[in-house]
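Visitor: Put together the whole structure using the sequences plus the hints.
Chains A and B, in that order, are what the protein sequence lines are. Going by this note's numbering, the residue at position 279 of the first sequence is 279; the numbering climbs one at a time, nothing skipped. Going by this note's numbering, the residue at position 243 of the second sequence is 243; the numbering climbs one at a time, nothing skipped.
Treat the hints as calculated values from the structure; they're not laboratory data. Every value quoted in this text rests on a predicted model; they were computed, and no experiment measured them. Wrong hints could be hidden among the right ones.
The list treats identical chains as interchangeable, and a pair is accepted whether it falls inside one copy or across any two copies.
Said to hold, decoys possible - Lysine to aspartate or glutamate pairs mimicking DMTMM-like chemistry, simulated, CA-CA at most 25 Å apart:
hint, residue 1, residue 2
1, Lys-255, Asp-417
2, Lys-308, Glu-87
3, Lys-402, Asp-210
4, Lys-225, Asp-253
5, Lys-59, Asp-210
6, Lys-361, Glu-98
Okay, here's what each chain looks like letter by letter:
There are 2 protein chains.
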Amino acid sequence: MTRKNVLYAQSGGVTPVINATACGVIETARAHRDAIGKVYAGKDGIIGVLREELIDTGKERKADIAALRHTPGGAFGSCRYKLKGIEDNLREYERLIEVFKAHDIGVFLYNGGGDSSDTAYKVSQIGKKLGFPVQCLGVPKTIDNDLPITDCSPGFGSVAKYVAVSIMEASLDVESMASSSTKVFILEVMGRHAGWIAAAGGLAQREAGDPPHVILFPEVTFDEKAFLAKVDKAVKTHGYCSIVVSEGVKGPDGKFLSDAGVRDAFGHAQLGGVAPVIAGLVKDRLGYKYHWAVSDYLQRSARHVASKTDVDQAYAMGKAAIELALAGKSGVMPVIERLSDKPYRWKAGEAPLSRMANREKKMPKKFITKDGMGITAAARTYLGPLIRGEDYPPYDREGLPKYVRLKRVLAGKKLPDFEV
Amino acid sequence: MTRKNVLYAQSGGVTPVINATACGVIETARAHRDAIGKVYAGKDGIIGVLREELIDTGKERKADIAALRHTPGGAFGSCRYKLKGIEDNLREYERLIEVFKAHDIGVFLYNGGGDSSDTAYKVSQIGKKLGFPVQCLGVPKTIDNDLPITDCSPGFGSVAKYVAVSIMEASLDVESMASSSTKVFILEVMGRHAGWIAAAGGLAQREAGDPPHVILFPEVTFDEKAFLAKVDKAVKTHGYCSIVVSEGVKGPDGKFLSDAGVRDAFGHAQLGGVAPVIAGLVKDRLGYKYHWAVSDYLQRSARHVASKTDVDQAYAMGKAAIELALAGKSGVMPVIERLSDKPYRWKAGEAPLSRMANREKKMPKKFITKDGMGITAAARTYLGPLIRGEDYPPYDREGLPKYVRLKRVLAGKKLPDFEV
Numbered sequence: 001m002t003r004k005n006v007l008y009a010q011s012g013g014v015t016p017v018i019n020a021t022a023c024g025v026i027e028t029a030r031a032h033r034d035a036i037g038k039v040y041a042g043k044d045g046i047i048g049v050l051r052e053e054l055i056d057t058g059k060e061r062k063a064d065i066a067a068l069r070h071t072p073g074g075a076f077g078s079c080r081y082k083l084k085g086i087e088d089n090l091r092e093y094e095r096l097i098e099v100f101k102a103h104d105i106g107v108f109l110y111n112g113g114g115d116s117s118d119t120a121y122k123v124s125q126i127g128k129k130l131g132f133p134v135q136c137l138g139v140p141k142t143i144d145n146d147l148p149i150t151d152c153s154p155g156f157g158s159v160a161k162y163v164a165v166s167i168m169e170a171s172l173d174v175e176s177m178a179s180s181s182t183k184v185f186i187l188e189v190m191g192r193h194a195g196w197i198a199a200a201g202g203l204a205q206r207e208a209g210d211p212p213h214v215i216l217f218p219e220v221t222f223d224e225k226a227f228l229a230k231v232d233k234a235v236k237t238h239g240y241c242s243i244v245v246s247e248g249v250k251g252p253d254g255k256f257l258s259d260a261g262v263r264d265a266f267g268h269a270q271l272g273g274v275a276p277v278i279a280g281l282v283k284d285r286l287g288y289k290y291h292w293a294v295s296d297y298l299q300r301s302a303r304h305v306a307s308k309t310d311v312d313q314a315y316a317m318g319k320a321a322i323e324l325a326l327a328g329k330s331g332v333m334p335v336i337e338r339l340s341d342k343p344y345r346w347k348a349g350e351a352p353l354s355r356m357a358n359r360e361k362k363m364p365k366k367f368i369t370k371d372g373m374g375i376t377a378a379a380r381t382y383l384g385p386l387i388r389g390e391d392y393p394p395y396d397r398e399g400l401p402k403y404v405r406l407k408r409v410l411a412g413k414k415l416p417d418f419e420v
Numbered sequence: 001m002t003r004k005n006v007l008y009a010q011s012g013g014v015t016p017v018i019n020a021t022a023c024g025v026i027e028t029a030r031a032h033r034d035a036i037g038k039v040y041a042g043k044d045g046i047i048g049v050l051r052e053e054l055i056d057t058g059k060e061r062k063a064d065i066a067a068l069r070h071t072p073g074g075a076f077g078s079c080r081y082k083l084k085g086i087e088d089n090l091r092e093y094e095r096l097i098e099v100f101k102a103h104d105i106g107v108f109l110y111n112g113g114g115d116s117s118d119t120a121y122k123v124s125q126i127g128k129k130l131g132f133p134v135q136c137l138g139v140p141k142t143i144d145n146d147l148p149i150t151d152c153s154p155g156f157g158s159v160a161k162y163v164a165v166s167i168m169e170a171s172l173d174v175e176s177m178a179s180s181s182t183k184v185f186i187l188e189v190m191g192r193h194a195g196w197i198a199a200a201g202g203l204a205q206r207e208a209g210d211p212p213h214v215i216l217f218p219e220v221t222f223d224e225k226a227f228l229a230k231v232d233k234a235v236k237t238h239g240y241c242s243i244v245v246s247e248g249v250k251g252p253d254g255k256f257l258s259d260a261g262v263r264d265a266f267g268h269a270q271l272g273g274v275a276p277v278i279a280g281l282v283k284d285r286l287g288y289k290y291h292w293a294v295s296d297y298l299q300r301s302a303r304h305v306a307s308k309t310d311v312d313q314a315y316a317m318g319k320a321a322i323e324l325a326l327a328g329k330s331g332v333m334p335v336i337e338r339l340s341d342k343p344y345r346w347k348a349g350e351a352p353l354s355r356m357a358n359r360e361k362k363m364p365k366k367f368i369t370k371d372g373m374g375i376t377a378a379a380r381t382y383l384g385p386l387i388r389g390e391d392y393p394p395y396d397r398e399g400l401p402k403y404v405r406l407k408r409v410l411a412g413k414k415l416p417d418f419e420v
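Guide: Put into structure tokens, the structure is as follows:
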């Protein structure tokens, strides 16, 4: 077996644990020096690969690579850059192969979601066609948990834990104050097209009547009347109402509620924030005092409250990707296979990239209660294990997490510049 | 010494550690059964005292009282209810004394901020006047850190840690994506009149150039031109810009920026959120892609990432309040005295309530950089120790914090009803 160089790239929105996957890739590759030569990482993802900006991970200290396991963000940089179809965009695909050739890349690992699976699949095809076959593998990642086949997506479990812990804590706060102050609290979470993250808020409920009392999903058309009735009932029953709302909730007109036309004093459209829209509704129709929070990137980077299950799985996917590559595989992605719910057991499996690409896994109907504003026991069985276990980053003496910043030394360029 | 009953009440907005103070009060009282009889807690604060809704903490299990140390929110309920001056409102003061008499209260502990100090002070005066002298003590608490005399306020350190950790994490996320996506991230934090919480975001900077690149304080009039120039420079220098903004930032007209007249599609004024206002400005004037988060109650309840210094101090203030009461003191409040910065050392001291009441401690000018958008070395020296140390709550097997919910058994009523 000739020693292969590996090229790893992060793609799309980052997660609290995408670097744990990078850690799994690099540490596993380093453990197989007989078969694997250098491990490069694309600077800012595929854009860096096209520009021939390849970070030589061999220049990073062992301790720093280990620290990737507990560092959020994307340590090598990521990007939102979807390669078009090969017909429309042959030049970019050819460039990728040129870069692979120039740096003797035998394995390309693309760490992303559905779009990235599609790209990795196409690259595996074009390599063969252009006479430089490269093993192309996807590595799963997305906080949205919307990848098909895999039981869950690394990144999701930690965001789910953040949302469940946060709504539990904020609800204790609101409950304390409700007799004379805020009665309705609204937490906006991510999930433009699928309600997995919002659903995770429901895990904070341990007993009937526990908050959150209302969850709004993108899968369920917003029913203003039913929503207001449920909020009012919660306030009358429990003294307060705690709400988790997905940014992707749509009204009967099919438009995002957050695009409801909020304008500032100058008449400019004000972007984003379904929470203030819901808050306005509560105030106007029910007259309750409210507070709202938009967790935005905080939820996506909150490594300080990561799920151990998620961190383990993220690492395992990186490790499995290298192991699949060593086994000669291409056009596949390691996935998480659930073996049992109780006790929760899982293992790394694999799936063909052709089946992963461009398919979104929405929440099944059976996970949403009949009134469309809560989660079922089936959802709890599925979601519960994904937030289990704590995996704190180490902290320094100043009380801050010891997140690593890599040196990111670029390998020497061998090709002419390329405009991206 | 006759055994005294103690009445404890939580006041105003709760904090991640106000229950740690309650824990300090109750555990210390229980350790002095020779001198202290029952410990009652007002249900929903002073409102419950007026209504004679007194929670008998003696009915709570030892383990549950211990768990208060790691449980956010206000375990007995709090309220925003400021007693008016005695002249305008003699009836309420008389009622308090009636309740004290009926339940043989010898010590009243009011756990709050400036307003509560004022109330506790007045109650101590009226008790003497009405012939039922009660020892009235304040116990400090506020996330805003705006109490005078005490070096810091319990609650602040944990919010400060949450904000520093969160902006550090979110900035790693933005930095990863900035080459092709979001370039400006804005985190809105609390602090209507004082910028202590916003300043804490600055602790995330370990080296020059580290995020957050801009901090906006209520103490500094918003200068749009200087702000935009600084944001633009950060993006051009670092590739992205990370911003912490206090909800209390005001424009040159003296109005809150968040009240800039944002209206929804129906023309209703939309309340709150300075972050979207700043985001709109960045978009309109600089054209950068942005994201914004409003942490709202999440910051105020995030016990999962509390500062150990803060938890220790919160507990110590509760303990000190009982000890001061045992020493026969009244009209005072335990405070935190800083003995040295390096190493950080502190002890519990005391201050007269008359000097605590209705005085707000703003950020000193020397804590804010000349350009008005950052913190100085002096600020770091002061703020740094307050976020040091971790003090995680225990988690259950489901991956959620084991926050306690007390039984809250009310003592039997002995008086006629009273309308609050």
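Visitor: Each hint needs a verdict: does it hold in this structure or not?
Guide: Taking the hints in turn, this is what the structure says about them:
no.	hint	in the structure
1	Lys-255 / Asp-417	neither (43 Å within a copy, 52 Å between copies)
2	Lys-308 / Glu-87	neither (43 Å within a copy, 59 Å between copies)
3	Lys-402 / Asp-210	between (35 Å within a copy, 14 Å between copies)
4	Lys-225 / Asp-253	within (15 Å within a copy, 40 Å between copies)
5	Lys-59 / Asp-210	between (51 Å within a copy, 23 Å between copies)
6	Lys-361 / Glu-98	neither (35 Å within a copy, 63 Å between copies)
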